[in-house]
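Protein chains in written order, with this note's numbering: chain C, 1 to 243; chain W, 1 to 255.
What the hints contain is simulated information worked out from the structure, not anything from laboratory work.
Note that the structure is a prediction, hence the values are computed from the model and not measured.
Among these hints, one or two may not hold up.
What the hints assert, rightly or not - Rough simulated footprint, nothing fancy, chain W against chain C, three-plus residues with beta-carbon under 8 Å:
no.	segment
1	145 to 158
2	222 to 231
Claimed, not checked - Cut-off 16 Å, straight-line C-alpha distance, at most; resulting in silico cross-link-like pairs (EDC-like, lysine to aspartate or glutamate):
no.	chain 1	residue 1	chain 2	residue 2
3	C	Lys155	W	Glu107
4	C	Lys132	C	Asp82
5	W	Lys191	W	Asp208
6	W	Lys191	W	Asp157
7	W	Lys113	W	Asp157
8	C	Lys155	W	Glu103
To be verified - If you anchor each label on the Cβ, the simulated ranges turn out as follows:
no.	chain 1	residue 1	chain 2	residue 2	range
9	W	Gln60	C	Met102	47 to 57 Å
10	W	His138	C	Val154	18 to 28 Å
11	C	Arg137	W	Ser15	11 to 21 Å
12	W	His35	C	Ala167	45 to 55 Å
13	W	Gln7	C	Gln79	39 to 49 Å
14	C	Arg137	W	Ala71	25 to 35 Å
15	W	Glu134	C	Lys228	17 to 27 Å
16	C	Thr90	W	Glu118	35 to 45 Å
17	C	Met102	W	Gln18	52 to 62 Å
18	W	Gln18	C	Thr90	32 to 42 Å
19	W	Asp171	C	Leu54	52 to 62 Å
Glycine included, each C-beta is placed from N, C-alpha and C at the ideal position.
Take a look at the letters that make up each chain.
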Amino acid sequence: MVSLVVLLAVWQLASVAFTARYVPGPWLTFSAMWEHLSSGEIPRHFAFTMTRMLGSFAIAMAVGTVLGTLMGLYRRGEQMLDMWVMVGLTIPSLCYIIVSFMWLGLNDRGAVLAIAWTTFPSIAINIWQGVKAIDQRLIDMARVFRSSGMRRIVKVVIPQVLPYLMAAARFGLGVVWKVTVFVEVLGGSDGVGYMLNYSFQMFNMADVFAWTIFFTIIMLGIELLILKPIETRLFSWRPDIRA
Amino acid sequence: MADIALQALSKVYRSKVQPEGLLALNRVSLAVADHQFVCLLGPSGCGKSTVLNVLSGLDQEYDGEVRVAGAVVSHDSTHPIRLGYVFQEPRLLPWLTVRGNIEFALESVGIPKGQWRERINGWLDRVGLHDFAEVHPHELSGGMQQRTSIARAFAVDPEILLMDEPFSGLDELTARSMRELLLGIWLETRKTVVFVTHNCFEACFLADRIIVFTPRPGSIKQEFTVELDRPRNYEDPRLFDMSVKVTHFVTGGRE
Numbered sequence: 001m002v003s004l005v006v007l008l009a010v011w012q013l014a015s016v017a018f019t020a021r022y023v024p025g026p027w028l029t030f031s032a033m034w035e036h037l038s039s040g041e042i043p044r045h046f047a048f049t050m051t052r053m054l055g056s057f058a059i060a061m062a063v064g065t066v067l068g069t070l071m072g073l074y075r076r077g078e079q080m081l082d083m084w085v086m087v088g089l090t091i092p093s094l095c096y097i098i099v100s101f102m103w104l105g106l107n108d109r110g111a112v113l114a115i116a117w118t119t120f121p122s123i124a125i126n127i128w129q130g131v132k133a134i135d136q137r138l139i140d141m142a143r144v145f146r147s148s149g150m151r152r153i154v155k156v157v158i159p160q161v162l163p164y165l166m167a168a169a170r171f172g173l174g175v176v177w178k179v180t181v182f183v184e185v186l187g188g189s190d191g192v193g194y195m196l197n198y199s200f201q202m203f204n205m206a207d208v209f210a211w212t213i214f215f216t217i218i219m220l221g222i223e224l225l226i227l228k229p230i231e232t233r234l235f236s237w238r239p240d241i242r243a
Numbered sequence: 001m002a003d004i005a006l007q008a009l010s011k012v013y014r015s016k017v018q019p020e021g022l023l024a025l026n027r028v029s030l031a032v033a034d035h036q037f038v039c040l041l042g043p044s045g046c047g048k049s050t051v052l053n054v055l056s057g058l059d060q061e062y063d064g065e066v067r068v069a070g071a072v073v074s075h076d077s078t079h080p081i082r083l084g085y086v087f088q089e090p091r092l093l094p095w096l097t098v099r100g101n102i103e104f105a106l107e108s109v110g111i112p113k114g115q116w117r118e119r120i121n122g123w124l125d126r127v128g129l130h131d132f133a134e135v136h137p138h139e140l141s142g143g144m145q146q147r148t149s150i151a152r153a154f155a156v157d158p159e160i161l162l163m164d165e166p167f168s169g170l171d172e173l174t175a176r177s178m179r180e181l182l183l184g185i186w187l188e189t190r191k192t193v194v195f196v197t198h199n200c201f202e203a204c205f206l207a208d209r210i211i212v213f214t215p216r217p218g219s220i221k222q223e224f225t226v227e228l229d230r231p232r233n234y235e236d237p238r239l240f241d242m243s244v245k246v247t248h249f250v251t252g253g254r255e
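Input sequences plus hints: build the corresponding full structure.
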């Protein structure tokens, strides 16, 4: 709370020092935000951005989980995919974006492909590590007690992979929201990124601040109100994550 | 009848490094009668744990014949009889409580839910973990975790109990009290037990019969019968003499 007050004070001072044209103060920024909120502009563009994010996130999670599992379970899979996942991780996201747009056009399909493409390698790596870390000894224990294959997977294997899955999801979401805005700047006709770019063209710093801060607040909200509680709940048995 | 019959059991481990294979067990034949407590004694790597893996059905690639309770342990996934297994490490599921871990085993072997509570409470009482039912494994000491594992093995009411150096990871004082606990429970339940150890004194303290294995490839070198009455006492000089005799034999008279 104190840090928030200090931040606002520093912000206001900076605004006075560098003029509102370059650093619009908190008042100016929040009134701009309020204006766009009440006009419905923020909700509308935000909905576009969210849809792209969630769609590509779902695709990236699915592809990443399948590849990561294959790599973790099979030596052949590891040999074949290891290198390519690394390559996938190395290529700049800008390249994926350009290629996707050239293939599918400057539309939502192109955007979703670009975002998912950028994101899935890091998810695959997380899942891969998780599957490799599965403790065979616990599975053997379950087998000795004649646990069925399905029960072994649900009660012994999945709980072991869950922390990695969770880490993959959080990490993936972080990548997705950055890339989504970027994609919208480059080739969107709506969405938060597009509006940021628009404000930039108008040199309207208050709007740039307003969009950025709103977006950040929402993302923090998702992190703190959804992901963190899920994690705390799932992993309350672990000694290190007592929240 | 929960008896065990091994007929010329051999096991070869094949790997990339040794494509011709490493002979771990060489024609081991052994019969264990119902209600008997048998210790397999030998140095590390002599294949004693392999015997347990074969008996439990975890390892299904072997030569020879393995019969448990008269039925052949085959490449079929379900084991002919109900087993309890205490591993060297506790092998508890860390995300479940002590109770949850035992419930997992009870559910796996198919014990009706109505009996769980009574069984679990009874066995936790026996191993002295009455107050720790709702605690997660990481909050327990190594000895308490292993006691949970013992309670889990007995709670499923196994016909045969397999134990793979269950006390070797514990300090000697804890191990002592655990052996006494085990012997106490065994006297009441009289399960057939196959207990693997490299500790001669432990073998003498626990077993009816001690089967001494040779170093790799493992085969049966000698058998000792322990004719001491139960309950046994750590201070018993006859136990000490027996232990010296077995140790002497195992180390080839070098001590």
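Practice problem: Output the numbers, in ascending order, of every earlier hint that fails for this structure. | Solution: Numbers 2, 16, in rising order.
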